Amino acid sequence: MKIAVLSGKGGTGKTTVSASLAYSLHNSQYVDCDVEEPNGNIFLKASLTEKEAVMVLNPVVNDDLCTGCGACQQACQFNAIAVINKKVMIFDNICHSCGACKIACPTGAISEVPREVGIIESNSSHTFMHGKLNLNEPLTIPVILQLRKKMNKYNHVIIDSAPGASCTVVSTIEDCDYCVLVTEPTPFGLHDLKIAIDLVKQLKLPFGVVVNKAMDSDTSIQVFCKEQNIDVLMELPYSKEIAKNYSKGILPVQYSNHYKDEFIKLLATIKERTS
Amino acid sequence: MKIAITSTGKEITDLLEKKFGRAEFFIIADTENSEYKVIDNKAAMEAGGAGIQAGQTIIEEKATALITGNVGPNAMKVLTSGNIAIYRGESVSVEANISLFKQKKLQQINTAVASHFGMK
Ligand code: SF4
Ligand code: SF4
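Quick mapping for you: the protein sequence lines, in order, are chains C and H. Each residue of the first sequence is one higher than the last, beginning at 1 in the numbering used here. Each residue of the second sequence is one higher than the last, beginning at 1 in the numbering used here.
Bear in mind the hints are in silico, worked out from the structure with no lab data behind them. Please read these numbers as outputs of a predicted model, since none were measured by experiment. Some clues are possibly wrong.
What the hints assert, rightly or not - Heads up, simulated BS3-like pairs for lysine-lysine below, C-alpha to C-alpha not over 27 Å straight-line:
| # | chain 1 | residue 1 | chain 2 | residue 2 |
| --- | --- | --- | --- | --- |
| 1 | C | K2 | C | K102 |
| 2 | H | K62 | H | K2 |
| 3 | C | K2 | C | K260 |
| 4 | C | K204 | C | K244 |
| 5 | C | K51 | C | K153 |
| 6 | C | K226 | C | K153 |
| 7 | C | K86 | H | K104 |
| 8 | C | K260 | C | K271 |
| 9 | C | K87 | H | K62 |
| 10 | H | K2 | C | K87 |
| 11 | C | K86 | H | K102 |
| 12 | C | K87 | H | K42 |
| 13 | H | K10 | C | K86 |
| 14 | C | K204 | C | K240 |
| 15 | H | K2 | C | K86 |
| 16 | H | K62 | H | K104 |
| 17 | H | K10 | H | K42 |
| 18 | H | K102 | H | K62 |
| 19 | H | K10 | C | K102 |
Unchecked claim - Here chain C is said to cover these stretches of chain H; the calculated rule only asks that three of the stretch's residues, wherever they fall, bring their Cβ under 8 Å from a Cβ of chain C:
| # | stretch |
| --- | --- |
| 20 | 48 to 61 |
| 21 | 68 to 82 |
We treat Cβ as the ideally placed atom computed from N, Cα and C, and that holds for glycine.
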């Protein structure tokens, strides 16, 4: 079973929930798909012995064969090519490696060369895996797709998704069995939660909500979920102890059997909802 | 000379548009006389690479200078390769920007003229 953990905005406890869940379950794999800022390993502390580059193919033009006809530019639906005074410019940073320009070129001037855009690191058993985008690379999807190929060896795959509702998030969660939406009772928490709800509803994925830093003085999230008939799967209380340990890179489940049990219960609840 | 200005509307009395790639209109004006024409920026609605395509449009229109707000790095490369001098416009009308340009009161933001193309 693949469970994605996401949130409308960053910093709501998405990593706390996903890493704690993976840590509490037997036979589980934690996959950090927040490739611009993977931080799960601050807590899970896996020894990253395996590394694998993520490569994409980008076109290059042989000037000796190019006539400047512009067919490649017209074929590129991503606007990654400009032809100026019969010279071709290719913008690798927005090229989607679709290969259309190469097919369109009448003179065979275009060839494709591999370029590294990111890296996947994992421990030897692959119970921990994260993707990391190289600096200044805008295209996250190739890294996500390569991570996805390496999932599913374990009973439970827990995916830490990037925040928001971008195409990165869509490609992370689209084939998941269940989505856990993490939010906090802050002024923006509800607004951000709605962004995440809209996304999973559009993708027709089953989902439930985890309220992080829950407190009795603000139950706006719980009230909203009740009105909308949305499952609140779990509440993690606001606690100085959790916050203090978090800042030291320690998850609640790493020192408390109580929280570990809560996360095991969370999985049971999810299983109940999806059966 | 022919200059291009990003515009929020179809008249030269309309305000300069600060965005380049996603500007709705380009006004191509001739500085010798007061003639001008309006073109729709086909790239404005593109999901990505709007600046690159908009840059090509300016080059195809045979403008030699562009007055706009902000130009992204990709569009900057295209325009500079096409020998277009880029000037930062003021938040006033297109017309007023043209006269500021003629008085040499606008700041040029690229060092055109790259003779070398090639991206890698
Ligand atoms: S590979 Fe596809 S996206 Fe990349 S430049 Fe060619 S046509 Fe455009
Ligand atoms: S299609 Fe081929 S020949 Fe034509 S401009 Fe592109 S690279 Fe050059």
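Status of each hint after checking the structure:
Annotation: proposed proximity of K2/C to K102/C is violated, straight-line Cα distance about 37 Å (limit 27 Å). Of the pairs offered as hints, the one joining K62/H and K2/H holds, with about 7 Å between alpha carbons and a cut-off of 27 Å not exceeded. Between K2/C and K260/C the CA atoms are separated by roughly 19 Å; this keeps the pair inside 27 Å, and the hint holds. Note on K204/C and K244/C: the hinted pairing is violated, with a Cα-Cα distance of about 37 Å set against a maximum of 27 Å.
For the hint pairing K51/C with K153/C, the CA-to-CA distance comes to about 18 Å; that is within 27 Å, so the pair holds. The hinted pair formed by K226/C and K153/C fails the criterion: a straight-line CA distance of about 36 Å is larger than 27 Å. With a CA separation close to 32 Å, the supplied pair K86/C and K104/H exceeds the 27 Å bound. Only pairs whose Cα atoms come within 27 Å are accepted, and K260/C paired with K271/C is accepted, the gap being roughly 17 Å.
Restraint check for K87/C and K62/H: the C-alpha separation of about 16 Å stays at or below 27 Å, so the hint holds. Distance restraint check for K2/H and K87/C: the Cα-Cα separation of roughly 23 Å lies within the 27 Å cut-off, and the hinted pair is therefore satisfied. Between K86/C and K102/H the alpha-carbon distance is near 31 Å, which puts this suggested pair outside the 27 Å criterion. For the proposed pair K87/C and K42/H, the alpha carbon gap of about 22 Å is at most 27 Å, so the pair holds.
Taken as a hint, the K10/H and K86/C pair is broken in the structure, with Cα atoms around 31 Å apart against an allowance of 27 Å. Using a Cα cut-off of 27 Å, the hinted pair K204/C and K240/C is violated, with the two alpha carbons roughly 37 Å apart. Of the supplied pair hints, the one linking K2/H and K86/C holds, its CA atoms being roughly 21 Å apart against a limit of 27 Å. For the hint pairing K62/H with K104/H, the CA-to-CA distance comes to about 21 Å; that is within 27 Å, so the pair holds.
At most 27 Å may separate the alpha-carbon atoms for a hinted pair to count; K10/H and K42/H meet this at roughly 15 Å. The suggested pairing of K102/H with K62/H holds, with an alpha-carbon distance near 18 Å, which does not exceed 27 Å. With a C-alpha separation of about 38 Å, the suggested pairing of K10/H with K102/C is violated against the 27 Å cut-off. Look at the stretch 48 to 61 of chain H against chain C: 8 of its residues bring a Cβ nearer than 8 Å to a Cβ of that chain, three or more, so the hint holds.
Given a C-beta distance limit of less than 8 Å, the hint that chain C covers the stretch 68 to 82 of chain H holds, as 5 residues qualify and 3 suffice.
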